[in-house]
Amino acid sequence: MRPGQLAFLSTAFSVVVLFSAGITTPPAHAVQEPLKFESSSQESRYKALIAELRCLVCQNQNLADSNADLARDLRLLTHNMILSGSSDTEIVQFMVSRYGDFVLYRPPFKPSTALLWLAPLIFLTVGCFVLFRIFRNRKNISASNVPPTQRAKVRKLMRDDHST
Amino acid sequence: MIAELGLLALIIAFCTAVVLGIVPLYGSIQRHSICIAVARPAAWVQLVFVAIAYGCLTYAFLDNDFSVSYVANNSNSKLPLLYKISGVWGAHEGSLLLWVLILSGWTGAVTIFSRTVPEDMIAKVLGILGLVSVGFLSFILFTSNPFARQFPPVTEGRDLNPLLQDPGLAIHPPMLYLGYVGFSVVFAFAIAALITGRLDMAWARWSRPWTTTAWSFLTLGIALGSWWAYYELGWGGWWFWDPVENASFMPWLMGTALIHSLAATEKRGVFKAWTVLLAVFAFSLSLLGTFLVRSGVLTSVHAFASDPERGLFILIFLMIVVGGSLTLYAWRAPGIRSVPGFNPVSRESALLINNVLLVTTTATVLLGTLYPLVIDTLGLGKISVGPPYFNTIFIPLTVPLVIAMGFGALCRWKKDTFARLRSDLGILLLASLIAGGIWPLAMNHYSFAAASAGTLGCWAIFTAVRGLWIRATPGRRWRGLVQTPRAYWGMTLAHSGIGIFVIGVAFTTIYSMEKDLSMAPGDRISVGLYEYQFDGVQNLTGPNYVAQTGTVIVSRDGRIMARLSPQRRRYLVQQMPMTEAGIQAGFWGDFYVSLGERLDDSGRWAVRINYKAFIRWIWLGALLMAAGGLLAATDRRYRTVVRTPTPEAAPQTTPALAG
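Chain order of the listed sequences is A and B. The opening position of the first sequence corresponds to residue 1 in our numbering, with each subsequent residue numbered one higher. The opening position of the second sequence corresponds to residue 1001 in our numbering, with each subsequent residue numbered one higher.
Next up, chain A with everything else stripped away, as it sits in the complex (with noise of 0.2 angstroms):
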């Protein structure tokens, strides 16, 4: 086993421990707890994953915006897992395999969803075609596209109208 999985394990397997607990939990924040970071990108990676990851016992929440106990945890969990040095794909891969996709606020792409990510393209493309047809069709209305046979014979009818 490398450090690197074993770390993330023992910190997973503390968290879970620290959740069955119950009574080591301090009451619900409003603000996200202070917390403490190597580097700045790991800042940023922490920031976007708690952005995209949803709180399970809220309404609709990300763990960034919600008070929730789990969600605080869940914040945790997830500075916990970059500290220790898992990848953003870990990190996500173990919130899946915990809540199923429920918790992610970007839905993945596979066969149940595939008409979720394909539908704007293909509305689109059909809305582009229509727009081709259109502007092909109004064209053909106007005078210069009209065949010579038929415009002598328009002339003619209006020459006629003029007489009478």
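In short, the hints are calculated from the structure, not lab data. Some clues are possibly wrong.
What the hints assert, rightly or not - The list that follows gives simulated cross-link-like pairs (lysine to any residue, SDA-like), each with its CA atoms no further than 25 angstroms apart:
hint, chain 1, residue 1, chain 2, residue 2
1, B, 1414, A, 57
2, A, 36, B, 1367
3, A, 47, A, 57
4, A, 36, B, 1533
5, B, 1515, A, 99
6, A, 47, B, 1395
7, A, 47, B, 1343
8, A, 36, B, 1524
9, A, 110, B, 1387
10, B, 1515, A, 80
11, A, 47, B, 1414
12, B, 1267, A, 135
13, A, 47, B, 1444
14, B, 1382, A, 101
15, A, 110, B, 1514
16, A, 47, B, 1526
17, B, 1515, A, 44
18, B, 1382, A, 135
19, A, 110, B, 1526
20, A, 47, B, 1597
21, B, 1415, B, 1517
22, A, 36, B, 1382
23, A, 36, B, 1414
24, B, 1414, A, 132
25, A, 110, B, 1517
26, B, 1382, A, 117
27, B, 1414, A, 134
28, B, 1515, A, 79
Claimed, not checked - Which stretches of chain B does chain A cover? Using the computed rule of at least three CB atoms under 8 angstroms from a CB of chain A, they are:
hint, stretch
29, 1019–1032
30, 1065–1074
31, 1238–1248
32, 1369–1380
33, 1514–1521
Since the structure is predicted, the reported quantities are computational estimates derived from the model, not experimental observations. Quick reminder that beta carbons are idealized off the backbone N, C-alpha and C, glycines included.
Assemble chain B onto chain A, guided by the hints.
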């Protein structure tokens, strides 16, 4: 007694709506003039009785009548007066009553402001609005009676949801509903035109001011909601792609498409069938919005109500409206012809591109909002569709929209050429590139994203202003500007608003700063250019809450810029904790501080310090859009339409009178 009176008034209003929904429509089809004449008085009777019902509910709130269960659930004797008034629409039943009140108000407005429309057309429009009222009034009477008593009565109410105890949210629903419901008038005009088969330019002209007015209110309502979320939810976000927000955003997008399509229909007689369809969709999406929020199918920050019976009612109502309209449309559409041709380079084309992009965006927002529900219902699992998805799709669709907007503002109707536009567009593009490119140099770090957004925003503003300048007659421009119709000024304002909004969104995202800290009294910290000093926390007692107020002093080079008082409140009845951010608004950015939890006994607190760059530009942009819309709706040509001169009106300017 008052509650029963309110219910009685509501029943009378319902009966009137039934009459209004049947008699004038019958009369206009059978050419029966007495039946047609019923329309206006019936509309007024309905308005009066709905207003009485609404007044009774307000009275019950002011009177602390806790035997009415709606009042008991949403008020409290200690609730401040303003929130007793706004508490009327604080939950499901009352907000529906407000819906119907506003619908009746719009119906009444049609009788006043549509003097130029033929009487049989008005009869149809009022009749259709009556039918919509029947739907909503029966919804209230059969599923959501706000006047229901409870037994035994309670002595004290359970208080209004603390989230709603705020002036911003007090006026948010009425604004939003004015917009939502306003689209019902446009819908009624569209259906009336479909019934008669007369989809002409006159119909487009009648519909335009209503559409623009409704859209402006919707814009204001959405902006208010966003502003409220910003300062009340305590973490400084302004848009969350929450399903309930999307519910109001979809009619807005569709309404925007409709405004532009109507412009082409009125001016050039094109896109008639399409415009009707958009009018139907805009109203259907308003209904869908009501359904999504009120049925409880969504569980989100805003959705308070959950009752499947009610959801089913609205769903059936929605199906009747959409199904009925589309059937009528399918019957009439083949007969609609939009003959005039136009070039690919023309204002018509720009408006078409606008419509394709806006409708695609609306469809995507609709898909993203409903997809999790559908997937869940089909048993394919639970997924979340949130801001990362919407932003990914939304931005690529709106950037070309803003680019096309610039072209559209400068293009001529029917036929234009790139050769004519080239020099103008070239100069404006160059100016936008320079302005957008230089702007981020003034910020604390250079960002190419900010430069691009700055260019895009400047493009929108510059093209809008240039369009106005060209429109004013050459030679005597300043006088020309005064003579330019209000509609054109309105367009210029609204388009500039889009530009300001774009810049605001991008710069807020890129240049805002945020820090979570633990601070003891007297601690100072530098964030960006500013120093923040924490001066401890004091206790405070409000009318129906207790609070802890922190003091944070912001300074720059020793000069005090702001004194902020972030609060944590606990509302006594519902025992709900709330955060009130300490905000000092500024044109270039807001200081925004929220107070967290007490961390230890030495007076150390968790404090979040934010600097929200350019955040006001977002709402400033929205305000400009709404103002532009309202200005355009009051354009003279909607008021002065050819009227058959009456004998009394004719001799107004006789020499005798002048002498």
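Hints versus structure:
For the hint pairing residue 1414 of chain B with residue 57 of chain A, the CA-to-CA distance comes to about 56 angstroms; that exceeds 25 angstroms, so the pair is violated. Restraint check: the Cα-Cα separation between residue 36 of chain A and residue 1367 of chain B comes to about 40 angstroms, which exceeds 25 angstroms; the hinted pair is violated. A threshold of 25 angstroms between alpha carbons decides the hint, and for residue 47 of chain A with residue 57 of chain A the separation of about 20 angstroms falls inside it, so the pair holds. Distance restraint check for residue 36 of chain A and residue 1533 of chain B: the Cα-Cα separation of roughly 21 angstroms lies within the 25 angstroms cut-off, and the hinted pair is therefore satisfied.
For the suggested pair residue 1515 of chain B and residue 99 of chain A, the alpha carbons sit about 29 angstroms apart, so the restraint of at most 25 angstroms is broken. Between residue 47 of chain A and residue 1395 of chain B, the direct Cα distance comes to roughly 21 angstroms. Compliance with the 25 angstroms bound is thereby established for this hinted pair. Simply put, residue 47 of chain A and residue 1343 of chain B have alpha-carbon atoms about 50 angstroms apart, too far for the 25 angstroms limit, and the pair is violated. Our distance criterion of 25 angstroms between C-alpha atoms is met by residue 36 of chain A and residue 1524 of chain B, whose separation comes to about 18 angstroms.
Simply put, residue 110 of chain A and residue 1387 of chain B have alpha-carbon atoms about 19 angstroms apart, close enough for the 25 angstroms limit, and the pair holds. Proposed proximity of residue 1515 of chain B and residue 80 of chain A is supported: the alpha carbons are some 19 angstroms apart, at most 25 angstroms. Annotation: proposed proximity of residue 47 of chain A to residue 1414 of chain B is violated, straight-line Cα distance about 51 angstroms (limit 25 angstroms). Proximity of residue 1267 of chain B to residue 135 of chain A is assessed by CA-CA distance (about 18 angstroms); at most 25 angstroms being required, the pair is judged to hold.
Our distance criterion of 25 angstroms between C-alpha atoms is met by residue 47 of chain A and residue 1444 of chain B, whose separation comes to about 20 angstroms. Restraint check for residue 1382 of chain B and residue 101 of chain A: satisfied, since their Cα atoms lie roughly 7 angstroms apart, inside the 25 angstroms limit. Of the pairs offered as hints, the one joining residue 110 of chain A and residue 1514 of chain B is violated, with about 35 angstroms between alpha carbons and a cut-off of 25 angstroms exceeded. Between the alpha carbons of residue 47 of chain A and residue 1526 of chain B the distance comes to roughly 20 angstroms, so the proposed pair stays at or under 25 angstroms and holds.
Using a Cα cut-off of 25 angstroms, the hinted pair residue 1515 of chain B and residue 44 of chain A holds, with the two alpha carbons roughly 12 angstroms apart. Using a Cα cut-off of 25 angstroms, the hinted pair residue 1382 of chain B and residue 135 of chain A is violated, with the two alpha carbons roughly 43 angstroms apart. For the given pair, residue 110 of chain A sits about 46 angstroms from residue 1526 of chain B by alpha-carbon distance, which is inconsistent with the 25 angstroms threshold. Restraint check for residue 47 of chain A and residue 1597 of chain B: the C-alpha separation of about 20 angstroms stays at or below 25 angstroms, so the hint holds.
Distance hint between residue 1415 of chain B and residue 1517 of chain B is unfulfilled; the C-alpha atoms sit about 61 angstroms from each other, more than 25 angstroms. Restraint check for residue 36 of chain A and residue 1382 of chain B: the C-alpha separation of about 34 angstroms exceeds 25 angstroms, so the hint is violated. Under the criterion of a C-alpha separation no larger than 25 angstroms, the hint pairing residue 36 of chain A with residue 1414 of chain B is inconsistent with the structure, at around 62 angstroms. A threshold of 25 angstroms between alpha carbons decides the hint, and for residue 1414 of chain B with residue 132 of chain A the separation of about 16 angstroms falls inside it, so the pair holds.
This hinted pair does not check out: residue 110 of chain A and residue 1517 of chain B have alpha carbons roughly 40 angstroms apart, beyond 25 angstroms. A C-alpha spacing of about 16 angstroms is found between residue 1382 of chain B and residue 117 of chain A, which places the hinted pair at or below 25 angstroms, so the restraint holds. Only pairs whose Cα atoms come within 25 angstroms are accepted, and residue 1414 of chain B paired with residue 134 of chain A is accepted, the gap being roughly 14 angstroms. Annotation: proposed proximity of residue 1515 of chain B to residue 79 of chain A holds, straight-line Cα distance about 15 angstroms (limit 25 angstroms).
With 0 residues bearing a CB less than 8 angstroms from a CB of chain A, the stretch 1019–1032 of chain B misses the requirement of three and the coverage assertion fails. Chain A is given as covering the stretch 1065–1074 of chain B, and this is violated because 0 residues of the stretch bring a CB closer than 8 angstroms to a CB of that chain, at least three being needed. With 3 residues carrying a beta carbon less than 8 angstroms from a beta carbon of chain A, the stretch 1238–1248 of chain B meets the three-residue requirement, and the given coverage holds. Here the stretch 1369–1380 of chain B counts 3 residues with a CB under 8 angstroms from a CB of chain A, which clears the bar of 3, and the coverage holds.
With a threshold of 8 angstroms between beta carbons, the proposed coverage of the stretch 1514–1521 of chain B by chain A holds, since 3 of its residues qualify and at least three are required.
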